[in-house]
Every structure is written in C-alpha cells, then in structure tokens.
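Asker: The residues making up each chain are set out below.
Number of protein chains: 2
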Amino acid sequence: MHVCFIGDSLVLGTHDPEFCGWPGRLAAMALAVTDKELNVYNLGIRANRTNDILERWPTETARRLPQDQDCRLVFSFGGADASRPEGYPRVDAATSVSNARLIMQAAQAQYPVLWIGPTPMHKPEHNQGTAALNQGYARLARELDISYLDVFTPLSASHVYLEELQAGDGAHPGATGYRLIAELVAGWDAWRAWLR
Amino acid sequence: MHVCFIGDSLVLGTHDPEFCGWPGRLAAMALAVTDKELNVYNLGIRANRTNDILERWPTETARRLPQDQDCRLVFSFGGADASRPEGYPRVDAATSVSNARLIMQAAQAQYPVLWIGPTPMHKPEHNQGTAALNQGYARLARELDISYLDVFTPLSASHVYLEELQAGDGAHPGATGYRLIAELVAGWDAWRAWLR
Numbered sequence: 000m001h002v003c004f005i006g007d008s009l010v011l012g013t014h015d016p017e018f019c020g021w022p023g024r025l026a027a028m029a030l031a032v033t034d035k036e037l038n039v040y041n042l043g044i045r046a047n048r049t050n051d052i053l054e055r056w057p058t059e060t061a062r063r064l065p066q067d068q069d070c071r072l073v074f075s076f077g078g079a080d081a082s083r084p085e086g087y088p089r090v091d092a093a094t095s096v097s098n099a100r101l102i103m104q105a106a107q108a109q110y111p112v113l114w115i116g117p118t119p120m121h122k123p124e125h126n127q128g129t130a131a132l133n134q135g136y137a138r139l140a141r142e143l144d145i146s147y148l149d150v151f152t153p154l155s156a157s158h159v160y161l162e163e164l165q166a167g168d169g170a171h172p173g174a175t176g177y178r179l180i181a182e183l184v185a186g187w188d189a190w191r192a193w194l195r
Numbered sequence: 000m001h002v003c004f005i006g007d008s009l010v011l012g013t014h015d016p017e018f019c020g021w022p023g024r025l026a027a028m029a030l031a032v033t034d035k036e037l038n039v040y041n042l043g044i045r046a047n048r049t050n051d052i053l054e055r056w057p058t059e060t061a062r063r064l065p066q067d068q069d070c071r072l073v074f075s076f077g078g079a080d081a082s083r084p085e086g087y088p089r090v091d092a093a094t095s096v097s098n099a100r101l102i103m104q105a106a107q108a109q110y111p112v113l114w115i116g117p118t119p120m121h122k123p124e125h126n127q128g129t130a131a132l133n134q135g136y137a138r139l140a141r142e143l144d145i146s147y148l149d150v151f152t153p154l155s156a157s158h159v160y161l162e163e164l165q166a167g168d169g170a171h172p173g174a175t176g177y178r179l180i181a182e183l184v185a186g187w188d189a190w191r192a193w194l195r
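Chains A and B are the protein sequences, given in the same order.
Going by numbering that gives the first Met the number 0, the first sequence wraps up at 195, each residue one higher than the last.
Going by numbering that gives the first Met the number 0, the second sequence wraps up at 195, each residue one higher than the last.
Any given hint could turn out to be false.
[Stated by the list, open to error] Which residues of chain B face chain A? A few of them, derived with a C-beta cut under 7 Å, are:
#1 PRO16
#2 GLU17
#3 PHE18
#4 CYS19
#5 ALA27
#6 LEU30
#7 ALA31
#8 VAL39
#9 ILE44
#10 ALA61
#11 ARG63
Hints in this document: simulated from the structure, not taken from any laboratory.
It should be emphasised that the depicted structure is a prediction, and the values quoted were computed from it without experimental measurement.
In this text, a Cβ means the ideal position worked out from N, Cα and C, and glycines have one as well.
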C-alpha cells in the first residue's frame, strides 16, 4: 500500500525532535497490525494553505504513486489558512472550505481518501479560526461522503497538547503532541479499515 | 535552516520500520550539536532515477524553500539507475553521470549543496553498477567542486549493513543500516560545517 500524507506543517512535523511528525509515527504503529507493505510519503509543507495544496497535490502524488498498485491519500490542512500573521486569516473560512471542496472532490475521484481535521492553536483568534474550519470541513466531508477525523475536539481537551503548544511556538506541538495525533488516527475506524 | 533531501528509495527510507530513513535520523542527531532551527523535507521517491530527479527537483524544492531564508539541498541517487529489473541497468552509467551533471550544476547555482553517493547492493551486478556510479559521481563532484560523501566503501565493509540487505530485499537496509548511513553523514566535515 502506498500512502501520501498531504498538508501543512502539522503534517510535516515542524518542531518534532524526531522529524517524522504524526504520519511517520502512525506508519510505525501500523506495522504491528497489518501485513501490508507500507510505502509512506510525507508531503506536508510548512505554511501551506489550501490554495497551495490545491495547486501541487496532483503532480506530487502522481510522481509517487505507481498506477498499478494500491494507492491512497490522507489530507490534513487548515492551520495555515487560519493563521493571522497580518492580523487577519491568510485564507478566509469560506474560501478555505471552497478550496477544500476542490481538493477533496478531485482526490476522491482518483484515490481512496481520508481527511484529518486541523489542530488547536494557542492564540485565541488563530484557534477560533481552526475551530471554524473544523466545523466547515466536517460538514463538507459529510456532503462528499469522505471519512473525516475531528482531532480538534480531543486535542483541545488534552492538557499535554496545549502545554506543548504554549511551550513551543503556539502552533506546533512537540514529540508527545505528534504522538497524540498519531494515536487518534491509529484508533480511528476508517484508518484501521485501510490496514485490514 | 531549511534542507531538502532529494533522491530515491534509500533517501525515502523504504523498509525503515521508523519511516524516517537516514535524513530523519541525521536531523534528529543534528539537534544535539546546533542552535539552528532545522526544517527538513524528505523528497526521496522509490525507484526514482536520475532523469526523474532532474525533472522534479526544481519545482519540489522551490515550493518548500522560502526565498529569504537559509536553504540548502542534499542529493543522493544512483541505486535506481543501476538496478536491473530487466537484466540491464535502468539508466546506463554514462547517462547517469550525465544526468547527475545536469542536476548538480543547476542545483549548485542556486543553493549550497551536498552530495551523498549510492549504497551497496546485495546482488553482484546491481552492486557493480552502484560501485561504478560511486566512482563516476565522485569524479564529477571533484570537477564541479561539490562535497561528495562516499558511503559505498564504508558500507561495503559493514557486516551489519550487508546482512540487513540480505535479510531484506537486497537493496534496502533496515533500521540499523539507515542509522549507519546517518552516522556516516553526521560525522562528515562538510555536513558538520553546515551546522555551525
């Protein structure tokens, strides 16, 4: 099975001292529960907004996914859209959901896809932004019949995750936070179904 | 510092149970000896030949490397060129070195670059192929004044590395082999200079 993980710096694993983020940890965990040979590509890019992802995901995945094999995509984005380096979101919520629609519709037409939602942020306005995207994306996922994992809610209730955000740059956790995200995905029925 | 590691399945870390390959391990080791914030992208693709890398490295790196920051490239390839799925090399040695010239000349014109050579293979003909590329690339690197690390020679003398090849698919090591490669790069003056 060949899987591309596509998204922003939370997918990449920015500030992960092990430099593999949650996708790498998720794949390592998967080895224990599947006989499938896993080929995993981390296509997270720091600061990537939905419009950046929309532009590059088709070519970057096509180069990596052999046409005659079992290939799947996992998307996770939104944090960069909601970030506010100039005092307002880099991508407003409506446009973000609209971009997400274009990404996910095209992706599901070609591959099995899973969608992981955005994560909590330390700064309140940034966090309100990712919370709103979490809602908008979840609604869109239901409409498109794509399996969507809300990680925002459980991570918002995790003292460890929030403390790591606060101790870091406010947007990225550390090793424990990335492990928590991996564990949420590892326990998700939709992902587990992929491993059977 | 932003670093893209570009190459084939040995860069990607195919069959690494930790799914980070030597670049991820190298970056984790680097944290102990540098104050620089490291942003690392693994752009290894399984089976990527030099012509594949020549075609995609400019766009994939440009998307990831912010123009106003300290950005560098590390290349490692050759194993896929020398592989012989049909009984002859997928890319003959002369063409491989010629492609390498195009890649490395263009890369060094834009970024600081380092070049890690190809690794030993279990099958004798495949191994003779990567040995020959190691020589050809080293000679080209001297001509272009690019720092080149011969990992073929020390890994060929490593019982552990060769045993992992034999126990696996003959081309890719396991966790220990990937760690050995990372250690070779970590101890290399040219890489250590980047961390100062």
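Asker: For every hint, state whether the structure bears it out.
Answerer: A quick look at each hint next to the structure:
no. : hint  : verdict
1   : PRO16 : holds (6 Å)
2   : GLU17 : holds (6 Å)
3   : PHE18 : holds (4 Å)
4   : CYS19 : holds (4 Å)
5   : ALA27 : holds (6 Å)
6   : LEU30 : holds (6 Å)
7   : ALA31 : violated (10 Å)
8   : VAL39 : holds (5 Å)
9   : ILE44 : holds (5 Å)
10  : ALA61 : violated (11 Å)
11  : ARG63 : holds (5 Å)
Of the numbered hints given earlier, the model fails hints 7, 10; all others are met.
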